[in-house]
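S.K.: Each chain, letter by letter, is given below.
Number of protein chains: 2
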Amino acid sequence: MTKDLPSIPAEPRSAKHWIIGDPLPSEKLEGQLLPKHLALPIFASDPLSSVAYAPQELLMILMIGGLAFLSFAPWVALAVVVLLVTVVASYRQLIKAYPSGGGDYEVASRNLGEKSGLVVASALLVDYVMTVVVSVASGVDNIISAIPELNPFRVELAVVFVIILAAVNLRGVSESSKAFAIPTYLFISSVALMIVVGLARTLLGDAPVAESAGYAVQAEQLTQAAVILLLLRSFASGCSALTGVEAISNGVPAFRAPKIKNAQRTLVLMGGIAIALFAGLTTLALITQVHYAESACNLIGFVDCETKPQRSLMAQVAAATFGNNTILFFIIQAATALVLLLAANTAFNGFPLLGSVLAKDGYAPKSLSTRGDRLIYSNGVLLLALAAIVILAVFQANLTVLIQLYIIGVFVSFTLGQTGMVVHWLRALKQPKPDRGAIWRGLTINALGAVMTAVVLLVVTITKFTHGAWLVFLMMPVLFLLMLGVNRYYRDVAREIEVDPTTMFGSQGDHAIVLVGNMQKPVLKALDYAIAARHESLEAVHVSIDDEQTRQLKKDWVRMNIQVPLRVISSPYRDISHPLIQYVKSRREEHGSEVTTIYMPQYIVGHWWEGLLHNHKARRVRQKLMLVHGVTIALVPWLLDSSELIYGRRSRPVPGQDRRGEPVRPVRPVQRKPIAPASGTTTRNRPPRNKR
Amino acid sequence: MTKDLPSIPAEPRSAKHWIIGDPLPSEKLEGQLLPKHLALPIFASDPLSSVAYAPQELLMILMIGGLAFLSFAPWVALAVVVLLVTVVASYRQLIKAYPSGGGDYEVASRNLGEKSGLVVASALLVDYVMTVVVSVASGVDNIISAIPELNPFRVELAVVFVIILAAVNLRGVSESSKAFAIPTYLFISSVALMIVVGLARTLLGDAPVAESAGYAVQAEQLTQAAVILLLLRSFASGCSALTGVEAISNGVPAFRAPKIKNAQRTLVLMGGIAIALFAGLTTLALITQVHYAESACNLIGFVDCETKPQRSLMAQVAAATFGNNTILFFIIQAATALVLLLAANTAFNGFPLLGSVLAKDGYAPKSLSTRGDRLIYSNGVLLLALAAIVILAVFQANLTVLIQLYIIGVFVSFTLGQTGMVVHWLRALKQPKPDRGAIWRGLTINALGAVMTAVVLLVVTITKFTHGAWLVFLMMPVLFLLMLGVNRYYRDVAREIEVDPTTMFGSQGDHAIVLVGNMQKPVLKALDYAIAARHESLEAVHVSIDDEQTRQLKKDWVRMNIQVPLRVISSPYRDISHPLIQYVKSRREEHGSEVTTIYMPQYIVGHWWEGLLHNHKARRVRQKLMLVHGVTIALVPWLLDSSELIYGRRSRPVPGQDRRGEPVRPVRPVQRKPIAPASGTTTRNRPPRNKR
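Quick note, the sequences are listed as chains Z and S, same order. The numbering of the first sequence is UniProt numbering, which starts it at 1 and goes up by one. The numbering of the second sequence is UniProt numbering, which starts it at 1 and goes up by one.
It is worth saying that the hints were derived from the structure and are not from the lab. Fair warning: there could be bad hints in the mix.
Since the list gives no way to pick one copy over another, a pair counts as held whenever it fits inside one copy or between any two copies.
Using 27 Å as the maximum straight-line C-alpha spacing, the simulated BS3-like pairs for lysine-lysine come out as follows [what the hints assert, rightly or not]: (1) K360 to K617; (2) K624 to K433; (3) K259 to K360; (4) K555 to K366; (5) K115 to K36; (6) K261 to K555; (7) K96 to K521; (8) K624 to K521; (9) K521 to K360; (10) K36 to K178; (11) K360 to K585; (12) K360 to K624; (13) K366 to K624; (14) K115 to K360; (15) K360 to K261; (16) K554 to K360; (17) K115 to K430; (18) K617 to K430; (19) K430 to K178; (20) K433 to K366; (21) K585 to K554.
In this text, all values refer to a predicted model and were calculated from it rather than measured experimentally.
Let the sequences and hints guide you as you build the complete structure.
M.R.: Printed below as a string of structure tokens:
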């Protein structure tokens, strides 16, 4: 009955494999490393996709003051670009200084302390939820801009997309597949094409004109302070273009060698593309005179403002440049929507990575520290999706409000990360033989970045607190306390199970019980193994819940001439656990503190749904038995035929695995408590028999 | 380190205990048996609560033909009462003939065949979903009738209530608590009071008048066939008063002795009360001239028919009898809403019972056959709640449409159950010495019931198919195929693990491995137990994923002078499973087919959330190890301090447990395949050492 490991079946190469990727051999260890051309789509979809909404929000806030304020737009956009450049430069340094993938969290923990690190972690977790929310809301916005009849179903569409994303990630899909790369490159090229064509037309004298160019806006009378505040708010909204830049700092281990250089180059390339698209799109929006207001009814001349939606800035520019409802128009809308969905997907892939970093430090369940446990991971996906759905429902998928919430989380981690880097450079100055030039350069960049991001954070918090920002300031402390709680719990448990000089064991006696139900092969195997282990005493125990079944068992026992004595315990209530527990306890009272090993079969199955049909009663019995002193449960596996599926099964991708890569250098040592000095006495009091 | 079982702490008797019940000792076996006064609320809430909507639906359908048709109402109501009496009488017989609690499913399976039984089971499962849906929708209807401002939130309210019910049942609450009994008795008494007062006022000449008495209805011109169809539809809608009568037949084992008589008495009492309330309410509705139309806009004279809701029949009668917005009015509305929620709750308690019956026959996961596995049960609660929410959302909590769907499921099981009883009596005729009188009496009752319920089923199906009944005819086959699939699966597995003469085992060699991570107490315990078991050879294995950790372990090993040899296996990828598996396999290649027992600590914890923080990595390693030939896993429990909570912990009620009771007579034998005759040779080839 030998089951040798069959060779991995070779599947013919098909279109499916070209798109989704080769099946991973089931013994594959850490994820494959990423070449730059696949790394770019994975890490760039978030920052690039924010180009879809950042210019829109920037212009929209300016227009609150009236059409004249649009003249400030170039300056505000320039400020955003400057900040983008600063942030990219900052992360370029962070990658070099901390290439192990800890990102902002690691920088803050190491330089500002445990609590600051946790604040960053909380902010990042909130950030992930908001990434899903904003990206899906914007994607739906673009879809509705292409098909306005869908407008009444805005929220429902958004919820459906979140559900689809969750389902896909529960199944597991590899980010490095071409299915992810194509939309990103399509988006980049089509938007770039649009910008080029638009500018070309302008130069040739046939400047495109947006459909909303004709609408005016009620200008507000603003005090000087209000004007400055408006400019700052517009700047803050434009800064949503920065979201997602930090993702690469978490994924450095995933790059091919030389990791640091490749990561830096990808970061710079990504930043460059984002800047180009952002600047180009904003310019084109100003040229085509897109007038996008906070609410459609603010536009003078907009009919049906209650029901008809404003088209997104991207849609308006595309319609103006390429013509309304042309092929290229729909391509742009589709690419935009797709890349936004991909950006939402990055949240599902990013948080396991964050989770593993937190787990290594003891702030998250330990099972996340390696490949990630599918159970905990699935719970995480569901939580993330649920939070996103609730927020979308509560805020009715209103992009403007949601972006404000988004910015807060992102800029908290930006600010703390930059500040941490400043402290890092200050410490570097104290090292022997510091490279003063490089240090001061780095210090300046990071300090500038820290100040600018702190200003943005302050502005958004003040202006949007009552509009929903309080939600973020509620979620973050909750997560903070949760992580702190997990850490303190693990510390308490470690202290509890720490070995001390008084630890004494000394079981005597060795009794084995084989739990027998029907006479079936798994039971025979368990008997076989129990016999092979040569316990001091061995018996088979059958709890009788069905007279007919017991009679049959006794007959079979005799017929098969099994030499192990069979003990039948009666149970009137179809309950196996309690009579068994009573029996074990009474034995212990007789025989003293012996070790009782209870052999039970465990079915190994191939399909997930078979898990609902096997092993549950056994597990219930087992959980109760383990509360009894001196009991050990020995699981004897029985592989059902379907378990052959597990061999050579294509390993389901665990999300985030493409970003894990391999460690860049030896993993940081786990902090342990010093072990109390032993008294030197032997705690082992019986040598094992090592003959064979 | 002995942990003796502490005595159950005695809690002072408080109001909480008076309402919710005494804490069940953790060693309590099957649920306590029910006295009649507690059984009535549990089983009666469903049929009694349907009094809240049945008269309303009956009158509403009649009014489609115009106000004149209300003169048919007494006759239609009489027909419903006759059917009620017939059905009660039928179930009274069923209880006597099949007291083991299988109900309609058992009757159909035994008399009409496996497939008919499954059809009944599918219908009952759909019935449970619809019980939740209709009860919640009606409860919300009554709440809105008391507080009309809530009308725009009808669907949301319904969904919230379903979520609350699901949460309560996930936590587990005992049905036999007084918290359940009070609303039912309150409902019965207050509605009875209302009927008495209403009739008294009528006799005294001050007949109450409903608020809708003044509205007329557009009379339709109907052909004679249409008139008959209308009457039949009205009858069918009125038959929704029958739903829930069958629940007692599933709960006979839960009654105190003499079970059959007590169950019959409770059934008759319940039927009597239901008939009285139904007849009384219908009479009062006709006296007060309640005009309830299918839609508010059908009522001539009803202002604001788009937004203002019609008040339920119950509310209108109460308002007319007691006065609008009086204390008694609100009491009736509250009691009605509460008893409807209790009725919805019965679905959550009924399906585990059905599940256990199905599991015993192999149509549902085996773990349901005893107390019910919390995992599978929780999945069931969630599925039930989800299905209910989806249906409520899709049909916008429209009571009329939903009731049609409800009736179909209920009447499928009624019809098949009655038909099964007819076959039962026909078979009884063929028995030696049949009691012809009793048999013919029973046959007549059940045959009449079968015909009447079949007619209702036909009418509803034909008239409502396009209005949503197709949904029921979709859900039932799906469930049917699922159950059939489970049954065939278990049969295949049984055949797979059947012992045959060629079954040979014969492991040789007995090697034990203790998996060691850090030097902590659980590991020491595992070592201790492994040593106590006296395996032929024993070694400790450490997979090195952290150099520092490995160094520390080696130092501790030496310092503590542990006599078991420590083998260190390196692993560059923080992966424990694969190096271990490679090692075990290479040993087997060297030493032949030996049994390798791998000892691993398993944490036992007190809180549910601790389960997310422990044991996951170990379980992943374990699952992979069990695929390797010759491996047995020995789990060595380590009880963390928090596990003390499990001792003496109040046993969380598993829903449905109050209805399980104890078996009435020996359980029906599990059908087994005949075992192939053995060749008589010994398959055990090594006697165990039984010395001590």
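S.K.: Is it within, between, both, or neither for K360 and K617, if the alpha carbons may be no more than 27 Å apart?
M.R.: So K360 and K617 pass the 27 Å test across copies only (13 Å; inside, 35 Å).
S.K.: Should K360 paired with K261 be assigned to within, between, both, or neither, using CA atoms and 27 Å as the limit?
M.R.: Answer is within: at 26 Å inside a copy they meet the 27 Å cutoff, but 64 Å across does not.
S.K.: Between K366 and K624, at a C-alpha cutoff of 27 Å, which is it: within one copy, between copies, both, or neither?
M.R.: Both, since 25 Å and 18 Å are each at most 27 Å.
S.K.: Is it within, between, both or neither when you check K360 against K624 at 27 Å Cα-Cα?
M.R.: between (32 Å within a copy, 23 Å between copies)
S.K.: When Cα atoms must be at most 27 Å apart, do K555 and K366 count as within-copy, between-copy, both, or neither?
M.R.: For K555 and K366, only the inter-copy Cα distance (24 Å) is at most 27 Å; the intra-copy one is 49 Å.
S.K.: When no copy is named, should K430 and K178 be tagged within, between, both, or neither for a Cα gap of at most 27 Å?
M.R.: For K430 and K178, neither the intra-copy (47 Å) nor the inter-copy (72 Å) Cα distance is at most 27 Å.
S.K.: Treating 27 Å as the Cα threshold, decide for K36 and K178: within, between, both or neither.
M.R.: within (13 Å within a copy, 67 Å between copies)
S.K.: Regarding K96 and K521, is the shortest C-alpha distance of 27 Å or less found within a copy, between copies, in both, or in neither?
M.R.: neither (59 Å within a copy, 41 Å between copies)
S.K.: What label fits K585 with K554 when the C-alpha limit is 27 Å: within, between, both, or neither?
M.R.: Close inside one copy (25 Å), not across copies (37 Å); limit 27 Å.
S.K.: For the identical chains here, do K259 and K360 meet the 27 Å Cα criterion within one copy, between copies, both, or neither?
M.R.: within (22 Å within a copy, 60 Å between copies)
S.K.: 27 Å Cα cut-off: does K115 pair with K360 within a copy, between copies, both or neither?
M.R.: within (16 Å within a copy, 55 Å between copies)
S.K.: Using 27 Å as the alpha carbon limit, work out where K115 and K430 are close: within a copy, between copies, both or neither.
M.R.: Within one copy only: 24 Å inside a chain, 83 Å across chains, cut-off 27 Å.
Consistency with the previously given hints fails for numbers 2, 5, 6, 7, 11, 18, 19, 20, ordered from lowest to highest.
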